[in-house]
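Protein chains in written order, with our numbering: chain A, 1 to 113; chain B, 1 to 113.
Treat the hints loosely; a few may be bogus.
[Claimed, not checked] Below, computed lysine-lysine pairings styled on DSBU-like, alpha-carbon distance capped at 30 Å:
(1) B:K57 / B:K69
(2) A:K1 / B:K57
(3) A:K57 / A:K1
(4) B:K57 / B:K17
(5) B:K65 / B:K17
(6) A:K17 / A:K57
(7) A:K71 / B:K57
(8) A:K71 / A:K17
(9) A:K1 / B:K17
[Claimed, not checked] Which stretches of chain A does chain B cover? Using the computed rule of at least three CB atoms under 8 Å from a CB of chain B, they are:
(10) 42–53
(11) 67–78
By construction, these hints were calculated from the structure, which means they are not laboratory data. Cβ coordinates follow ideal geometry from the N, Cα and C atoms, glycine included.
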Amino acid sequence: KNQVEQSPQSLIILEGKNCTLQCNYTVSPFSNLRWYKQDTGRGPVSLTIMTFSENTKSNGRYTATLDADTKQSSLHITASQLSDSASYICVVSAQGGSYIPTFGRGTSLIVHP
Amino acid sequence: EAQVTQNPRYLITVTGKKLTVTCSQNMNHEYMSWYRQDPGLGLRQIYYSMNVEVTDKGDVPEGYKVSRKEKRNFPLILESPSPNQTSLYFCASSSSTERNGYTFGSGTRLTVV
Chain A
1 KNQVEQSPQS
11 LIILEGKNCT
21 LQCNYTVSPF
31 SNLRWYKQDT
41 GRGPVSLTIM
51 TFSENTKSNG
61 RYTATLDADT
71 KQSSLHITAS
81 QLSDSASYIC
91 VVSAQGGSYI
101 PTFGRGTSLI
111 VHP
Chain B
1 EAQVTQNPRY
11 LITVTGKKLT
21 VTCSQNMNHE
31 YMSWYRQDPG
41 LGLRQIYYSM
51 NVEVTDKGDV
61 PEGYKVSRKE
71 KRNFPLILES
81 PSPNQTSLYF
91 CASSSSTERN
101 GYTFGSGTRL
111 TVV
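Excised from the complex, chain B in its bound form (with noise of 0.2 Å):
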């Protein structure tokens, strides 16, 4: 089945200490991305990767990392968590010739505290 997988899916953590959190695909697409969605703000995006290796900061990046080593993986890091991190985090993938055409994963519920 064709999916964007997320884990995990709930995680309760302290202010300052690091996490990742995963994202798989395995619809071999080229362009996967990180939003946060919080109450009335919709969907904001965090850091986006066109491909291996090339990575690119969206409209909230600040307390966030990412990296692309692997075309199916896009974990999102939080160096140091503060509770304004507290939100829901979805994963997302689309290919080159579908532009718009994502398929989002579950999601994963974060709160710092």
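Chain A on its own, in the form it takes in the complex (with noise of 0.2 Å):
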């Protein structure tokens, strides 16, 4: 069964540190993975779309890393501002056909000034 697993659940930082949130998955044929931002009560919005062949992807102070062979992924937030309080979505798609993706259940990152 497709699974993507998310970590930590949740996670409190100060303004201005660094923070990274991992995503693993068994999702297969694996096609492409994106992580989303999802602000309390709003819907999800694309941050990062990341393919087989690529290791590393940016937006901004959003950094996305996929290691293919061990089924990981990160997100790392540099410098941290208050608006990046939110939910992180994985969400998984696999080859073929389906237009099902398996979502992560996210992690509620909360920045304090």
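Both chains are given apart, each in its own frame, so use the hints to dock them into the complex.
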């Protein structure tokens, strides 16, 4: 069964600090992996997308990495800001005809001043 | 502006009273999907549609119906709502050429009393 596990479940950091969120998946055959940011009560918004051949991708202060061999991804946030407080969701899609992605349960990040 | 529009944003209803949550996208996307989000459980797929007149069950379809008569619209129907359907609902769409590149609506918070 395809699964996406995220850790930690929640994280509290001080403004200006860096943090790293983890995503492990068992989706096969792998197509792509996206990180989404979801503000409270709002719809998720895509941050990055990575395919099998990509190891790292950045979007401003967000940097995602992918290790397709170990089936792990991380999202690193640099110099955190209060607006980074949100839930970060890892979503993995398989190759083939199915449109059904596999969602992780998310990591809730709180940035304190 | 490219977007997915859900209505209403908030809805309080009584058990057994039929309701419809509308979803419309202006990006000519083939794929549309409905999710519910509950605390600690993440996003769970209810139904999805790969194109007009093509719908299929997701992970939690019980108690819900959908239709896809037009490409842009994908309403979610609760024929006889029950309190366990109290949740935050999201509609999403994507193109067939960009798997996992979902645009989400702003959400509908439904309370069934």
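To see whether the hints hold, each was checked on the structure:
Taking the CA atoms of K57 (chain B) and K69 (chain B), the gap is near 17 Å; set against the 30 Å cutoff, the hint holds. With a C-alpha separation of about 17 Å, the suggested pairing of K1 (chain A) with K57 (chain B) holds against the 30 Å cut-off. Of the supplied pair hints, the one linking K57 (chain A) and K1 (chain A) holds, its CA atoms being roughly 28 Å apart against a limit of 30 Å. For the hint pairing K57 (chain B) with K17 (chain B), the CA-to-CA distance comes to about 23 Å; that is within 30 Å, so the pair holds.
Proximity of K65 (chain B) to K17 (chain B) is assessed by CA-CA distance (about 14 Å); at most 30 Å being required, the pair is judged to hold. Restraint check for K17 (chain A) and K57 (chain A): the C-alpha separation of about 20 Å stays at or below 30 Å, so the hint holds. For a cut-off of 30 Å, the pair hint linking K71 (chain A) to K57 (chain B) stands: about 28 Å separates their Cα positions. For the proposed pair K71 (chain A) and K17 (chain A), the alpha carbon gap of about 27 Å is at most 30 Å, so the pair holds.
For a cut-off of 30 Å, the pair hint linking K1 (chain A) to K17 (chain B) is broken: about 36 Å separates their Cα positions. With 6 residues carrying a beta carbon less than 8 Å from a beta carbon of chain B, the region 42–53 of chain A meets the three-residue requirement, and the given coverage holds. Residue count for the region 67–78 of chain A with a Cβ under 8 Å from a Cβ of chain B: 0. That is fewer than the three needed, and the coverage hint is violated.
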